[in-house]
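Throw the hints in and build the complete structure from the sequences for me.
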Amino acid sequence: MRPLIIIRRIPNIDFMGLRHIGFALSGLMTIASIVLFFVNGLNYGIDFSGGTIIEVRSLSGAADLGKMRADLDSLGLRDVTLQNFGGPDNVLIRLQEQSDKTQEQTVNQVKAKLGNAFEYRRTEVVGPTVGAELIKAGVEATVLALFAIAVYVWFRFEWPFGVGAMLSTVHDTITTIGLFSLLQIEFNLTTLAAILTIAGYSINDTVVIYDRVRETMRRYKTMDFAELINKSLNETLSRTILTVSTTALAVLSLLLFGGEVLRGFSIAMLWGIVVGTYSSLFIAAPLLFYIRPKRAAVQSGDAGEVAARGKP
Amino acid sequence: MLYFQGWKLTLILGVCLLGFLFALPNAFAPETLDHWPSFLRRQVSLGLDLRGGSYLLLQVDMNTVEQERLNSLVDEVRTQLVAAKVGYSDLAAAASHVSFTVRDSGRMNDVRELITKIDPSLDVQIGSGGTVTLTPNQQALIQRRNSAIDQSIEIVRRRIDETGTKEPSIQREGDDRILLQLPGVDNPEHVKELIGRTAKMTFQLVDPNASPQDARSGRVPAGDVLLPSSETVNGQPAQYYVVRRRVMVSGDTLTDAQASFGQNGAAVVNFKFDSTGARRFADATKENVGKPFAIVLDNKVISAPVIKEPILGGSGQIEGNFTVQTANDLALLLRAGALPAPLTVLEERTVGPGLGADSIHAGALASVVGVVLVVVFMIVFYGLFGVFADIALFFNLCIMMAALTLLGATLTLPGIAGIALTMGMAVDANVLIYERIREEVRGGRSLISSLQAGFERAFGTILDSHVTTLVAGALMFWLGSGPVKGFAVTLSLGVLTSLFSAILVTRLLIVTWLRRLKPKAIPI
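Order-wise, the sequence lines are chains A and B.
Take the first sequence: its letter number 166 is residue 165 in numbering that gives the first Met the number 0, and every next letter is one higher.
Take the second sequence: its letter number 99 is residue 98 in numbering that gives the first Met the number 0, and every next letter is one higher.
Just so you know, these hints were derived from the structure itself, not from any lab.
Keep in mind that a hint or two might mislead.
One side of the interface only, derived from the structure: several residues of chain B facing chain A at Cβ under 8 Å [to be verified]:
1. 288
2. 291
3. 382
4. 419
5. 427
6. 458
7. 460
8. 463
9. 474
10. 490
Sample of chain B residues lacking proximity to chain A, with all beta carbon distances greater than 10 Å (derived) [to be verified]:
11. 94
12. 105
13. 139
14. 165
15. 182
16. 260
17. 282
18. 318
19. 376
20. 517
In silico DSS-like links for lysine-lysine, alpha-carbon gap of 27 Å or less [stated by the list, open to error]:
21. 271/B x 290/B
22. 110/A x 165/B
23. 100/A x 191/B
24. 299/B x 100/A
25. 191/B x 165/B
26. 220/A x 230/A
27. 112/A x 100/A
28. 191/B x 112/A
29. 199/B x 100/A
30. 199/B x 285/B
31. 191/B x 110/A
32. 293/A x 230/A
33. 100/A x 66/A
The C-beta atom is built at its ideal place from N, Cα and C for all residues, glycine as well.
Below, the structure written as structure tokens:
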């Protein structure tokens with residue numbers, strides 16, 4: 000078995016030269032995401048917005064959405080949406096809370112109207128109080144996660160690394176939310192889990208790179224800082240790509256075979272992995288150029304680089 | 000590097016073996032496990048989203064609990080004041096306190112004494128003009144809330160048990176909530192109906208002199224109350240009754256209730272009182288022969304029969320237009336007892352068996368495909384060392400499943416996603432180690448020292464990157480609910496087990512390979 004080596008020689012990509020493009024692109028994406036969030040909003044699932052969903056499967060082949068819509072309209076319900084879910088015979092019925100009856104009554108009415116021609120695969124009813132609580136817990140968890148990760152990196156490295164890690168993770172999180180707003184993919188509890196995981200995972204390659212920056216800083220005390228960052232990025236590039244690829248493969252498999260329920264989760268994860276890698280290379284590392292970590296003083300008479308033997 | 004201490008070796012092999020052993024039952028159908036030794040029969044329990052079932056989050060209406068406490072306080076105060084012949088006015092319960100005015104302020108000391116007798120923990124405030132305000136203190140309130148929720152859980156459990164639901168789980172959640180999980184229940188309407196009723200039953204005399212018409216237009220005689228019938232016509236109560244406020248006998252003295260058929264073949268409910276209830280019922284019926292009394296359930300009159308003769312035996316029969324089902328339900332509710340306060344459903348998630356099976360299938364397929372892709376990827380990029388990583392990955396999966404099984408964790412669909420995801424992440428550690436080894440080899444190091452440096456130098460990086468994921472996992476577990484928790488458990492567990500497998504198991508494999516084959520160069 001001969002292993003395939005994609006990067007046989009250490010590449011020499013000028014990441015630092017591309018930093019302005021990276022910053023501009025990320026700035027644009029971040030601002031666009033924030034604008035989208037406030038203008039377009041998120042397509043909240045019932046976990047957060049409250050309401051009712053009923054997933055039904057027609058027992059006689061493809062479901063007739065038009066007839067179902069007419070049937071449900073005759074019940075006089077407000078804000079009913081119907082959509083195919085994972086296949087032509089599966090339909091997801093979504094109902095907002097009705098002012099004149101309880102959610103329970105609504106579900107019973109719908110079931111009575113549609114009758115036995117359908118298999119009732121899933122019914123979820125979330126009251127408005129629970130939805131509001133879940134939003135609060137979700138926001139808290141995300142903010143805490145970002146903060147805790149930054150503190151950990153600060154503790155393990157130095158504060159400039161912590162700041163860089165936090166900014167790039169915030170960037171990953173915000174743009175993921177932006178993607179959800181742009182595509183109007185349902186944002187629910189599992190999506191939130193994906194965002195928290197992205198916060199924890201997208202930092203991984205940043206940590207790998209920072210580790211290398213720190214190591215290189217110790218070894219080459221007088222090297223130009225931009226050059227040092229470039230060197231570290233290029234040296235770690237193959238592992239950055241390979242680690243991300245294995246995780247991306249697992250997530251891709253979830254996206255393709257994991258079913259409708261996990262779709263939002265998988266999309267968020269996949270985006271998070273890609274954008275997390277991008278931000279490690281083009282944001283987190285170049286940021287160090289501006290918020291420089293302290294370098295050990297060069298000892299007198301040791302003007303050259305301390306080339307420790309055997310270390311790359 | 001080359002040397003593994005004996006205990007370390009034993010530990011690594013032992014953990015791998017145990018992991019494999021305890022994960023193994025999960026690969027078989029539950030029925031086939033009967034011949035297995037008992038310690039190996041445990042399987043990871045599936046969440047309701049996979050096995051099908053209902054998840055209900057209920058809220059105990061604490062306002063009612065507090066209001067009832069205040070109402071009974073009003074009754075006690077009235078009884079005591081009347082007994083002590085203290086003149087009073089405006090005795091009433093407000094939102095959080097009871098107040099009244101004492102006519103003769105000279106008797107304030109007697110009033111104080113009375114109140115201490117009722118409940119010494121009451122906070123008493125006496126204002127000008129003889130107004131007395133009684134507020135239950137905070138601690139007593141908390142105690143009352145706690146006992147209300149504990150009692151509710153007990154009653155809900157009894158009611159659910161009576162329905163024959165298998166393995167229900169009933170837990171307290173927070174200050175005033177109950178989480179109810181019912182595996183296999185794909186239409187929880189009946190359960191919701193049963194727990195949606197407080198089932199407070201009382202027997203009260205009907206006031207023969209009052210007319211329901213007058214009462215409906217607002218003229219309810221003092222000491223009486225207007226109640227609708229439980230029977231409805233077009234959604235409206237069929238009838239109204241004016242009944243005495245005073246309760247003759249209450250349902251908490253019932254010892255048994257059974258559905259049965261009456262003389263004319265209609266469904267009825269037979270009930271039995273305990274000795275206290277029987278005596279009270281006998282006394283009340285003796286004094287009121289020829290008068291109607293109302294059987295009241297949750298403030299609705301089921302029926303109001305006329306007492307034909309004193310009922311001394313302590314048992315009776317309720318007739319009231321029942322179907323077999325409603326008679327059975329009422330008997331069940333009476334046997335299980337009344338809830339201290341109404342319950343409302345805050346959240347309901349019900350998954351049918353079809354979707355559950357589909358989800359298991361989809362989750363398993365996605366995981367298998369994901370693992371195969373990762374396995375092939377590692378072999379393509381790292382050759383023999385990739386095989387080592389894949390073997391470690393296999394044990395990672397085993398240990399993870401074993402841990403889930405032994406911890407009694409519940410596997411949900413997001414949990415399966417967590418497993419698939421950690422399979423992709425687990426080999427990250429291998430990549431970091433192998434890339435470092437490649438680098439050391441390129442730097443001109445010898446075979447063994449490259450391997451050693453690879454493992455040592457990559458360790459710090461691996462630890463840092465794993466800790467950040469664990470932080471996210473811990474927060475999800477702490478703040479998340481249902482599906483997020485299931486994901487957080489498998490993610491965190493997978494990250495932990497991958498530390499073991501990717502570092503220790505891989506190293507053991509490489510060391511064994513080095514010693515056995517004594518290679519000249521590293522094939523990566």
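Do the hints match the structure? See the list:
no., hint, result
1, 288, "violated, 44 Å"
2, 291, "violated, 34 Å"
3, 382, "holds, 4 Å"
4, 419, "holds, 5 Å"
5, 427, "holds, 4 Å"
6, 458, "violated, 11 Å"
7, 460, "holds, 5 Å"
8, 463, "holds, 5 Å"
9, 474, "holds, 5 Å"
10, 490, "holds, 7 Å"
11, 94, "holds, 20 Å"
12, 105, "holds, 51 Å"
13, 139, "holds, 26 Å"
14, 165, "holds, 20 Å"
15, 182, "holds, 15 Å"
16, 260, "holds, 29 Å"
17, 282, "holds, 42 Å"
18, 318, "holds, 28 Å"
19, 376, "violated, 6 Å"
20, 517, "holds, 19 Å"
21, 271/B x 290/B, "holds, 22 Å"
22, 110/A x 165/B, "holds, 25 Å"
23, 100/A x 191/B, "holds, 16 Å"
24, 299/B x 100/A, "holds, 21 Å"
25, 191/B x 165/B, "holds, 16 Å"
26, 220/A x 230/A, "holds, 14 Å"
27, 112/A x 100/A, "holds, 16 Å"
28, 191/B x 112/A, "holds, 20 Å"
29, 199/B x 100/A, "holds, 25 Å"
30, 199/B x 285/B, "holds, 24 Å"
31, 191/B x 110/A, "holds, 16 Å"
32, 293/A x 230/A, "holds, 18 Å"
33, 100/A x 66/A, "holds, 24 Å"
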